[in-house]
Amino acid sequence: MTGSATGAFTATGSLTRFTVRRDRVRILVWIGAIALLVASTVASVQGLYPTQADLDAAAVASQDNAGAIIFNGPPQGLDTVGGQVAFQTGTFGLILMGLMSVFMLGRLTRGEEEAGRVELVRSLPVGAHASPAAALITVAAMDVVSGLLVVAVGIGLGLPVAGSVAFGLSFATFGLLLAAVTAVVAQITDNTRVVYGIGGLVLGTSFLLRAIGDIGDGTVSWLSPIGWAQKTRPWAGEVWWPFLLLVGATALCTWAALVLSRRRDLGGGLVAPRAGPARASAWLGGPFGLAGRLQRVSVVGWTASLAVLAVAYGSIADSIQDFVEDNEALTDIIAAQGGGTLIEQYVVMSFRILALIAAGFALQSALRIRSEESAGRAEDVLATPVSRTRLALGHLVIAFAGSLGIMVVSGLAFGLADAAVRGRSDLITTAVVAALTYTPAVWVLVGVTVALIGCAPRLSPWAWGILALCFVIGMFGQLLGLPGWVEGLSPFQRVPEYPAADLEPVPLVVLSGVALGLTTLGLVGFRRRDVG
Amino acid sequence: MNLAISISGLEKRFGAFRALDGLDLEVATGEVHGFLGPNGSGKTTTIRVLLGLLRADGGSVVLLGGDPWRDAVALHRRLAYVPGDVTLWPKLTGGEVIDLLGRLRGDLDPVRRDELLERFELDPTKRARTYSKGNRQKVGLVAALASRAELLMLDEPTSGLDPLMEMEFQDCIREVKAEGRTVLLSSHILAEVEALCDRVSIIRAGRTRAQGTLEELRGMTRTSVTGVVDGPVDGVGALPGIHGLEVDGHRVHFEVDTEHLDAAVRWLAAAGVRSLVSRPPTLEELFLERYGDEA
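Protein sequences appear in the order of chains S and W.
Position one of the first sequence corresponds to residue 893 (my numbering), numbered consecutively onward.
Position one of the second sequence corresponds to residue 155 (my numbering), numbered consecutively onward.
Hint data in this document are derived by calculation from the structure and do not stem from the laboratory.
Since the structure is predicted, the reported quantities are computational estimates derived from the model, not experimental observations.
Virtual Cβ for every residue (Gly too), placed ideally from N, Cα, C.
Each hint should be verified, as a subset may be incorrect.
What the hints assert, rightly or not - Now the in silico label distances, taken between C-beta atoms and shown as ranges: (1) R167(W) - R1419(S): 53 to 61 Å; (2) S1015(S) - E370(W): 42 to 50 Å; (3) P1397(S) - R302(W): 47 to 55 Å; (4) R328(W) - V1151(S): 24 to 32 Å.
One chain only, chain S, in its complex shape (with noise of 0.2 Å):
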């Protein structure tokens, strides 16, 4: 019956349309933001290295740095410009796309048969396969014209043009993959935010192996999607063959989810639910046994996710050592750069981007104020005898003890690695008080987020903005030469640089008050305006 075959497909043109004008503010600002990392890093990094000698020496410095190259990404043509940019942003710009993927393909398909809009879709003379595939192309559409924007990108500021398709296209096609995989994991669970943990966890698995693999002799980056695109050595030799594995496995991911689809009910998961309790357990009977219930899951899920990271991040602190004392190139720079030795700014470097990251699960946490708000569930709530700072303090209390207990386990898992490494436990101490040193400027982000909520709750998304603002202060300040009063707006960068630098408590104090002094202005403010 061909009449079916075109059926299941029937209206995907304008229900792609109506996508992509619902969601044009978020699609353009994700592939702006990506152009505008590479394009920043591309004019930083010419700035930065004018000369040949000036490129041949960063080469050198960053070479055997273990430390840069789990960050960055594979060491390759560091003696270009291209390989520079490669380097400083190729990683960080492909998690960048995969998270696009899975956030925006999440949302676009079990994002929106949760909450019920694809059933009435659904009714319309539609074709069943028409919402994910308008899904999917627009998707798609967002990875390619990413791509191809990096391409120009490239080209137009003056980088050999191979090296700008292959870049392009190594962003482009993991975008691809990590779409694919979303619609896989879409059509198994029922549930959104479980398909975002589960995407977030093959980006962070990718990184890890990838991260493995660059700092041995390259064999473990092959396990990882990301490490495929990065052997396609953007700017430093092109190989282009590795990109079949990229679109191998998005088309087989495309196919497996078609199939899947074809299996299960509309709402429904391949999983079904389970029958649960009856009753509710003795604990759930009030805000904070409430905020508990509803937040446990984000809670272990994010302390295993850090406690993982700091791992691999402390069982490599002991081979920068190695690598340090074999180049002396290297310990010239570290004592140019000031404060600490190498492995010192390691430590910091370490936290600073585990504190970011802890700094997501706070920041979701707090928010829960405002999307237990939109959803009508906090009028529940209110409805009976708690206060809305009650109700607020709930998910405020696992917002703060949360970060804190996750950047102390990740102190801890990052302290132990190395401990276990190295047969001395003397990092432990340190690491632990690294962590508990960024923990403040984590609460500072839970203060700008609660006082959105309660002077300027439509604002409050734009907490994310704000994260990632410090992001890329935090990771590419130096780089981009901000001035120094725009690097001081992130908090992270006021933390006292521990153990680099003298633990200072002044910053400390200071970052909590403003904390807490922002805490307390959002829940004054929620009290004085209108739920709902």
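Given chain S, work out where chain W should sit, using these hints.
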């Protein structure tokens, strides 16, 4: 009269939109009060002001002798609420939600809870995500009815319930009333309103259009009259308060404002009545007239 709810001149604006524009509402202690109005007329906004979720821009609101905004927490110990669209935590089971809300209110009665689960035929072990609209509504109803709150505020509580469950709900409300508790019932189901409510308030565009018992409201509106008379029917159009006149030979049909009913009947009698059917307005007509623009 001892008032559970007393609202006068209530105003609430959302930007330029006046959601409530001088609304009045009086609910006596111990009565079941019907709260009626077309979609978007401000019923839910009023209830949300009473719950202290929204802050009034003007007018006065007294709930159980207190200020719903300032004394929200204390007042909420004494009331239970069912929203028109019960939204639940998707991962919690119905039983967990009922227990949670009961414990938050502080007066969960486990015996009553189990009895209500039985009466409403609700499976408490299902995750809220998997409940249908009607079953979500049942969760809200069981949670509210299992409490001993002195005031129940119900915002279209039976939307999505089947007729059997609707009857069960009406029985529950009668029991609540027999215990001397107060109910504010916002509803579009006129049979439900007629069966349960002592008095009703009808609002439109954020203002109260009518308030009273159903009998009183009927008295304020028109009676439908069909008659066959011997004499000529020419003069009937000149009578005061006549609407929708239809004449077919000796047969006349019209609606007449209740205050002019006497004059109309006198005219019919003078013309020589051969048959006469007079009918009070149905509830539907009553509401259509009050909801409509001309009211």
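Evaluated hints:
1. R167(W) - R1419(S): 53 to 61 Å: violated (20 Å)
2. S1015(S) - E370(W): 42 to 50 Å: holds (44 Å)
3. P1397(S) - R302(W): 47 to 55 Å: holds (54 Å)
4. R328(W) - V1151(S): 24 to 32 Å: At 55 Å between Cβs, range violated.
In summary, the structure is inconsistent with hints 1 and 4 from the numbered list given earlier, while agreeing with the others.
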